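**Q** Spelled out from the first residue to the last, the chains are:
Protein chains: 2
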Amino acid sequence: MKNKTETFISCEYPLSVQKSKKENKTRLYRYRGDFRWRGIKVERYKTYGERDWSEVIRQVIIGSHGESTRFHLRYFEISPKGYTSFERHKHEHVVVVIRGRGKVRVNNRTIEIGYLDTIYISPDTPHRLYNPYEEPFGFFCIVNARRDRPKPVKISSRKRG
Amino acid sequence: MKNKTETFISCEYPLSVQKSKKENKTRLYRYRGDFRWRGIKVERYKTYGERDWSEVIRQVIIGSHGESTRFHLRYFEISPKGYTSFERHKHEHVVVVIRGRGKVRVNNRTIEIGYLDTIYISPDTPHRLYNPYEEPFGFFCIVNARRDRPKPVKISSRKRG
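These protein sequences, in sequence, are chains A and B. Going letter by letter, the first sequence gives residues 9 to 169 in the numbering used here. Going letter by letter, the second sequence gives residues 9 to 169 in the numbering used here.
Derived from the structure by calculation, the hints contain no laboratory data. Bear in mind the structure is a predicted one, so any value in this text is a computation, not a measurement. What you were told as hints is all true, and nothing was included just to trick you.
Pairs count within a copy or across copies, as identical chains cannot be separated in the list.
Subject to a maximum C-alpha distance of 27 Å in a straight line, what follows is the list of computed BS3-like cross-link-like pairs (lysine-lysine):
#: 1; residue 1: 159; residue 2: 98
#: 2; residue 1: 33; residue 2: 98
#: 3; residue 1: 49; residue 2: 111
#: 4; residue 1: 162; residue 2: 33
#: 5; residue 1: 111; residue 2: 33
#: 6; residue 1: 159; residue 2: 33
#: 7; residue 1: 111; residue 2: 98
Bound conformation, chain A alone:
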């Protein structure tokens, strides 16, 4: 692996040695309604690092069942008033909103995003997604399968916007 990049499965554990033993086969993840998919578990957004986030859940739809894709497809959902970590990393994000609306901070700029808006966050760009609204804010986030660990970005003021 070049550039000291570690492999993260599910956006958190470095698994440079462990390899999935699951079968690489064609598979349907049927949508069950309410932003849940059959065969996909609902998890915490992160289990490592400091608690610089709130009210976020994650579902890894593609990337934890033995697939050989060079990318992972996840669904994240931020409850009202919730927010993800303000962080940066070398890997890119592609975010596609499918539920509600929310905001994304990239560097010092804030953008409101809603249904099917798609944002590409380039390498090393500090970013945070958050939900100042009353309804859940849900989005797909696609990332490279092999990616570096996010680094928290310090915020000078208390505001998150």
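Position chain B relative to chain A; hints supplied.
**A** Just chain B now, kept in the frame of chain A:
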């Protein structure tokens, strides 16, 4: 590049030498309604090979603007009675339905898929998507950025299902 894999931009032209000169920067592709995005052009599904498909359009949302992701995000839409090529290739597909419903044939199996159903098509699996219904059938298709060229699969009978 290993395994004699060629790089295809937009699922068609081999561009192993040519590299995008576009800037790799954070960018929002605002949804304009009617399954169109600002800054994304609507293209033919394919411009090469035999005409073994019908009534399909394509939009490359992520992958043709200088992004460094190891994947591309495209939106395809199949009009009523339309179908994609029946083909196989080494790279995988991840398909997420966002408009209408349709069918996917994988090997000799046919599956009906609708809103937010997600299907992973594993390497070298013959597949075709088609729309036997009266409304447009639209879906995201995520693929590795570096991928091999699809090969048509011969169909013994005339039926596509």
